Amino acid sequence: MKPQKNIKLMTGNEACAEAAIVAGMRFFAGYPITPSSEIAEVLAKRLPEVGGIFIQMEDEIASMGAIIGASLAGLKSMTATSGPGFSLMQENIGYASMAEVPVVVVNVQRGGPSTGLPTLPSQADVMQARWGTHGDHPVIAVAPSTVQDTYEWTIKAFNYSEKYRVPVIILMDEIVGHLNEKIVIPEPGSIEIVNRLITTDPPEKYLPYKMTDDDIPPIAHYGTGYRFNVTGLSHDETGFPTNDPNKIDALYRRINRKIERYKNDIIYYITELLDDAEICLVAYGSSARSAKRAMHLARAENIKVGLFQPYVLWPFPYEVLRELSSRIKRFIVPEMNLGQIAHEVECATRTECIRVNRVDGSPITPQEILRSIKDVSL
Amino acid sequence: MFPYKKYLRLDKFPHIWCSGCGCGIIMKAMLRAIERAKIQKDDVAIVSGIGCSSRTPGYLDFNTLHTHHGRAIAFATGLKLARPKLKVIVVTGDGDATAIGGNHFIHAARRNLDMTVILYNNYIYGMTGGQVSPTTPFGKKASTAPYGSAEPDFDISNLAIAAGASFVARSTCYHATHLDKLIEKALMKKGFSLIEVMTQCPTYYGRPNRLGNAVDMMMYYKENCIPIETAKKLSDEERRGKITIGVLHDIERPEFCEEYYKMVERVKAKSI
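From first to last, the protein sequence lines stand for chains A and B. Using the numbering used here, read the first sequence as starting at 1 and increasing by one per residue. Using the numbering used here, read the second sequence as starting at 1 and increasing by one per residue.
Hints are computed from structural coordinates only; laboratory data are not their basis. Given the structure is predicted, the values throughout are model-derived calculations rather than measurements. Incorrect hints may appear among the rest.
Taking lysine-lysine pairs in the DSS-like style, the calculated list, with each CA pair at most 27 Å apart, reads [stated by the list, open to error]:
| id | chain 1 | residue 1 | chain 2 | residue 2 |
| --- | --- | --- | --- | --- |
| 1 | B | K41 | B | K181 |
| 2 | A | K45 | B | K85 |
| 3 | A | K258 | A | K210 |
| 4 | B | K41 | A | K205 |
| 5 | B | K12 | A | K205 |
| 6 | B | K41 | B | K189 |
| 7 | B | K185 | B | K5 |
| 8 | B | K270 | A | K5 |
| 9 | B | K268 | A | K45 |
Using C-beta positions, here's what the derived DEER-type ranges look like [stated by the list, open to error]:
| id | chain 1 | residue 1 | chain 2 | residue 2 | range |
| --- | --- | --- | --- | --- | --- |
| 10 | A | G225 | B | Y147 | 50 to 56 Å |
| 11 | B | A162 | A | Q4 | 52 to 58 Å |
| 12 | A | T115 | B | S143 | 34 to 40 Å |
| 13 | B | A150 | A | K45 | 45 to 51 Å |
| 14 | B | K270 | A | D59 | 27 to 33 Å |
| 15 | A | T119 | B | A150 | 39 to 45 Å |
| 16 | A | Y318 | B | G20 | 52 to 58 Å |
| 17 | A | E319 | B | P254 | 52 to 58 Å |
| 18 | B | E35 | A | T224 | 20 to 26 Å |
| 19 | A | Y318 | B | S19 | 52 to 58 Å |
| 20 | B | V215 | A | G225 | 41 to 47 Å |
| 21 | B | T230 | A | K45 | 49 to 55 Å |
| 22 | A | K45 | B | E35 | 42 to 48 Å |
Each residue gets a CB set at the ideal place from its N, CA and C atoms; glycine is no exception.
Model the full structure from these sequences, guided by the hints.
This is the structure we're talking about:
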């Protein structure tokens, strides 16, 4: 058999870094933190090779600020961190939401709060990814569960960010980040790469926050002859601060609407064996791997169980789960936190779900999930 | 008459600054310096944080970026590295740059990234109503230091020199033509440059400390500033209470952005 040359063995962190370069990312600013540091290490080596910029900043606040500055100058930009660093980034994630600056933020989750469990996995930043910064704001968050997923979803994260002018959070976890496994690198050209829409208006007519029909204003870059203003203050179409209630209202509604409006293009999930299922496992990230195994173990004992795995956590697929709830008896939600997505599942299905939680730094095992499945099916 | 209008976004006026504020004096000095340095408007990016000084970019017809409190230098770092041809100017205040943004300030100086920081030092948080700042002199009053500040204050220029800045100069709002010459020099200097401008906040610093009106406060600068050349000849005792103005520090150091791109060329040559 002819060996396939694009098969590689790599970690999730390495896959994330390599995929970011394929996505066109040319500016990375970060600060060392376990278990994400390998992303920075790979990019420190790789970015100069492709003419890109790597900088280790003085902290995570600065890292977020630097990637926003670089993105406004026209480079696809990214940072990577873990829980405590993600907390520090919230301030400028809000800026990126408000000023509609495309950036990608990787959070390789570890146990928290505080310094928590630096070297052990967790999925406890799901809600922080949605609501970590203050104010009503748009955000997209994705959760890969394998190294292959990480590669593909890193590229998709950039595509979403560019398309919708919004910060995209990649919620990895320590397991996905440090796991060495097989990955098939997609052929160049086979992957869709999206670039932000650049304005075609001449500088004198350019409105950086124009109320366009599609709610996503085309962008101009600093230093290209468009002398516009960007601010984190409430602003009007011209990009200057405003206290006009109508203009403020229009801005907040538009930046939030652009995600709500396109959610069906953004939301992505896979289902397995749900056609005849009475029990549905809702699992994401590395916990989905255990859930899948548990599902097969249960099926071997003739228990009708299926899997719903959201890859996009925010926006959350409420409607799909609501529809499923008409024929599913019980939902089981295994996650490495005390029930963050379980809450959303309950909100969607209007039923009480079964929670399988671990917050001790250990992954949830298939057997633990299987036990819950059996408890329900009795 | 200097053609200020060429550089102003006239529809954004009137400005928000109090009467007697020094912000406008510094803004105009900066415009004179940019004109003399012959930098095109499209090639200038002005980045600011939060505070009175940080409202400056909104009035100016350049590439302008108004960021978070303390974060201007962090945003400016990404902007400069991503588009090196831009002349990046950060306008900031004493609280913005040396309290909440202190870490970014010292590290940008250490990296010697090519940017000019114009720091409006009015010893107070003006925008939020006169709270004590890292440069409020010991014993002076502020809304959060009603009995006088019990903390020693920062010498910002010395801080920048110690952190590694290439060019550091100080002037005041009284010495407006001296100030624009210093800013021009800073703009022409490759590397991290700081212009510390001592300015008056008659509303929130002058009033609680009974320093008189804006004119009185500017007269204080007139009477208490000494050029660096003179200061060098004086003893510490003789310099006490005086503000040293002029070019305090001017050295050649490798500039970060240029060094980074040189490295990229080396790496690319190797990987071919």
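Hint by hint, here is what the structure shows:
no., hint, in the structure
1, B:K41 with B:K181, "holds, 19 Å"
2, A:K45 with B:K85, "holds, 24 Å"
3, A:K258 with A:K210, "holds, 13 Å"
4, B:K41 with A:K205, "holds, 17 Å"
5, B:K12 with A:K205, "holds, 17 Å"
6, B:K41 with B:K189, "holds, 18 Å"
7, B:K185 with B:K5, "holds, 23 Å"
8, B:K270 with A:K5, "holds, 24 Å"
9, B:K268 with A:K45, "holds, 11 Å"
10, A:G225 with B:Y147: 50 to 56 Å, "holds, 54 Å"
11, B:A162 with A:Q4: 52 to 58 Å, "holds, 57 Å"
12, A:T115 with B:S143: 34 to 40 Å, "holds, 35 Å"
13, B:A150 with A:K45: 45 to 51 Å, "holds, 49 Å"
14, B:K270 with A:D59: 27 to 33 Å, "holds, 32 Å"
15, A:T119 with B:A150: 39 to 45 Å, "holds, 43 Å"
16, A:Y318 with B:G20: 52 to 58 Å, "holds, 56 Å"
17, A:E319 with B:P254: 52 to 58 Å, "holds, 57 Å"
18, B:E35 with A:T224: 20 to 26 Å, "holds, 22 Å"
19, A:Y318 with B:S19: 52 to 58 Å, "holds, 55 Å"
20, B:V215 with A:G225: 41 to 47 Å, "holds, 42 Å"
21, B:T230 with A:K45: 49 to 55 Å, "holds, 52 Å"
22, A:K45 with B:E35: 42 to 48 Å, "holds, 44 Å"
Hint compliance for this structure: every hint is met.
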